[in-house]
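Chemist: Chains as they are written, first to last, in our numbering: chain A, 577 to 708; chain B, 577 to 708; chain C, 577 to 708; chain D, 577 to 708; chain E, 577 to 708; chain F, 577 to 708.
Hints were generated in silico from the structure; no laboratory data involved. Because the structure is a prediction, the values reported are computed rather than measured. Take the hints with a grain of salt, since some may be wrong.
Note that identical chains are pooled: a pair holds if it fits in a single copy or bridges any two copies.
To be verified - Pairs of lysine-lysine residues, derived as DSBU-like cross-links and limited to a Cα-Cα distance of at most 35 angstroms, are as follows:
{"id": "1", "residue 1": "Lys668", "residue 2": "Lys641"}
{"id": "2", "residue 1": "Lys668", "residue 2": "Lys688"}
{"id": "3", "residue 1": "Lys672", "residue 2": "Lys688"}
{"id": "4", "residue 1": "Lys678", "residue 2": "Lys668"}
6 protein chains.
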Amino acid sequence: MENRGLTHFDGNGTARMVAVTAGIMGAKRTSELIPKCHILPITNCRIWFEKDPERRELHCFCTVKVTGKTGVEMKALTGVSIALLTVYDMCKALDKTMEIGKIYLCHKAGGKSGEIWNQKEGSATKQTDVLS
Amino acid sequence: MENRGLTHFDGNGTARMVAVTAGIMGAKRTSELIPKCHILPITNCRIWFEKDPERRELHCFCTVKVTGKTGVEMKALTGVSIALLTVYDMCKALDKTMEIGKIYLCHKAGGKSGEIWNQKEGSATKQTDVLS
Amino acid sequence: MENRGLTHFDGNGTARMVAVTAGIMGAKRTSELIPKCHILPITNCRIWFEKDPERRELHCFCTVKVTGKTGVEMKALTGVSIALLTVYDMCKALDKTMEIGKIYLCHKAGGKSGEIWNQKEGSATKQTDVLS
Amino acid sequence: MENRGLTHFDGNGTARMVAVTAGIMGAKRTSELIPKCHILPITNCRIWFEKDPERRELHCFCTVKVTGKTGVEMKALTGVSIALLTVYDMCKALDKTMEIGKIYLCHKAGGKSGEIWNQKEGSATKQTDVLS
Amino acid sequence: MENRGLTHFDGNGTARMVAVTAGIMGAKRTSELIPKCHILPITNCRIWFEKDPERRELHCFCTVKVTGKTGVEMKALTGVSIALLTVYDMCKALDKTMEIGKIYLCHKAGGKSGEIWNQKEGSATKQTDVLS
Amino acid sequence: MENRGLTHFDGNGTARMVAVTAGIMGAKRTSELIPKCHILPITNCRIWFEKDPERRELHCFCTVKVTGKTGVEMKALTGVSIALLTVYDMCKALDKTMEIGKIYLCHKAGGKSGEIWNQKEGSATKQTDVLS
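So that you can see chain A by itself, here it is in the shape it has in the complex:
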């Protein structure tokens, strides 16, 4: 599978920073986008990327802390989704076969459903593969 888009993306940090910024802003707007989501004051939101050159994938992680008691995972999932859509947007001129996926919850603590770990890809937060 060809990977021109992400190669370009990885070339300079500019695009990644745009995606991080868009993801953080998207996470803050989760309650505007998801109908049943509560308005929760986010106290901390961090998004970062890790490259997996062998599999030509880009992994995106997002951690969110809130002071409220429910729904924090939706903010992190939205942050990851918007960040990856931004990556897709900036690489789409070079590659039209990219995929965004698997977006899932890696770790959640402090909610009423107890601590949750999904060890799908071996990493401690939310994780997404692009171009798998």
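With chain A's structure known, arrange chains B, C, D, E and F on it following the hints.
Modeler: Just chains B, C, D, E and F now, with coordinates in the frame of chain A:
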């Protein structure tokens, strides 16, 4: 793999309609969410779901038509992403292991890059697997 | 008075669900729309409809709970307004004489102005007549 | 019926100007609020009020022009609704029995459904009674 | 320096009220506009103008109170900026040489950085000169 | 005058990229923020910074192209304002005496008011001094 969330989701059409509404509204706001996306007047946006009970998956499709000339795929991808995040949100009380993925472009026509087909899942638009 | 619009609206639950979703999202955005409204975290928002076939009316109700101390009625009134505008939008191809009205406060509890009841239409929340 | 709220509202033009501004901004955001509404570039939006002291009512009018071809009435109706909600918000400390209503289409021209006149209250645009 | 724009602006209070409304609404949306800004519930926001006819300047002040603990100055600075952009917009037909500036923090109290005073223009809040 | 904030800002490109992204997103939302601004589809928006180490200033430039016919300068001015507020936000922990200013129109072409040049700071677009 357990699938309590989506079973509940499929039980009545209510949740699906909420997700469709959220996805359409999300598609219309793409340019607010993705930094480099143009403001394009959407003339038509349609989102629908198809069940794959065997694989315990829910497929989401989105078609968008615009009068402008570029970037329509970002609106469809954003619509699918927001619709699936909404499904996730409404099912998350039952199942914390859901995955959103593979979000990709199935078909694009009329842009300057010519007609594009990605025959990954055999369907003529955008397609996404949840809980694969 | 003719009532083709609402008859269509009542035919299937789809349109009503779209209106409920739009109303909830509108209620959450009240502080963006009404200049002097505070940003209050909504802890609960519910919107529902009741038909009055005799008078060819559709009644919309909205209850909102917030953790903050002021202005909750504006969120409920905004939720009702947006929900009814959505109904209007979906029925307007069939009937251009619809009216949205009387939007008013039915019941408020817990604010600094004490408990308030407006028994105009006999129901314990906010209430609106369409097509009276 | 008591009318302390609107008397205060009419006393100075400040509150009315806030409502006009909020209504215009609301009309421009119609497509964000009403799920099926198109994004139409508004070329002109005007909102004004007329007092009816005898009936202790305040009438709100909104005219909107767009370059697109459909849905302009939803923008005017949304503009009126947000303007009246803003009036309500600024008067609610004085009067909890106010009503917003009858919001309806007075006149539409240039759409595919031909010219439309609803002569309910005798005025050539959208019209709304508060505190009837 | 010619000052047709602001003279017009000062002529009636209408334009000023529009700018105040826009500034308050902008201050409430700060966290949507500034990527690293927290969502803080504003408990109070006030914007006002003072004329300096000698220097043909218009000064804009904004005070904001929040219940959260950080970042309140960004809300006030955003409120001032949006209010002044609104003034500029309403006067730009008459004068294309206007300047927006010096926007700065005059006074901050209650944050973790202690009390702050910047006595640049002799006034106890935020202050901005237009058309200096 | 001390300049710890901007020194830090200039140290790596990260903060500048966040400000550029925020400014572009802000420019696209101008019509939501400025009451009388039209919704214009932006076809191109570029923001960049230039350092003036001698005067310890950071200059921000924004060029915007639209297909519509009016109001493009408001989008550029808003883009510059939001970008500079973002810089301020990221540097404010180090320096509380920063100033945002002089925001003004450098060059406009193609509008009904003819071509406009304001040669205040010698550069061909919008220009802003921080920390002068």
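Chemist: Decide, hint by hint, whether the structure agrees.
Modeler: Results for each hint:
| no. | hint | in the structure |
| --- | --- | --- |
| 1 | Lys668 - Lys641 | both (32 angstroms within a copy, 18 angstroms between copies) |
| 2 | Lys668 - Lys688 | between (40 angstroms within a copy, 13 angstroms between copies) |
| 3 | Lys672 - Lys688 | between (41 angstroms within a copy, 13 angstroms between copies) |
| 4 | Lys678 - Lys668 | both (19 angstroms within a copy, 16 angstroms between copies) |
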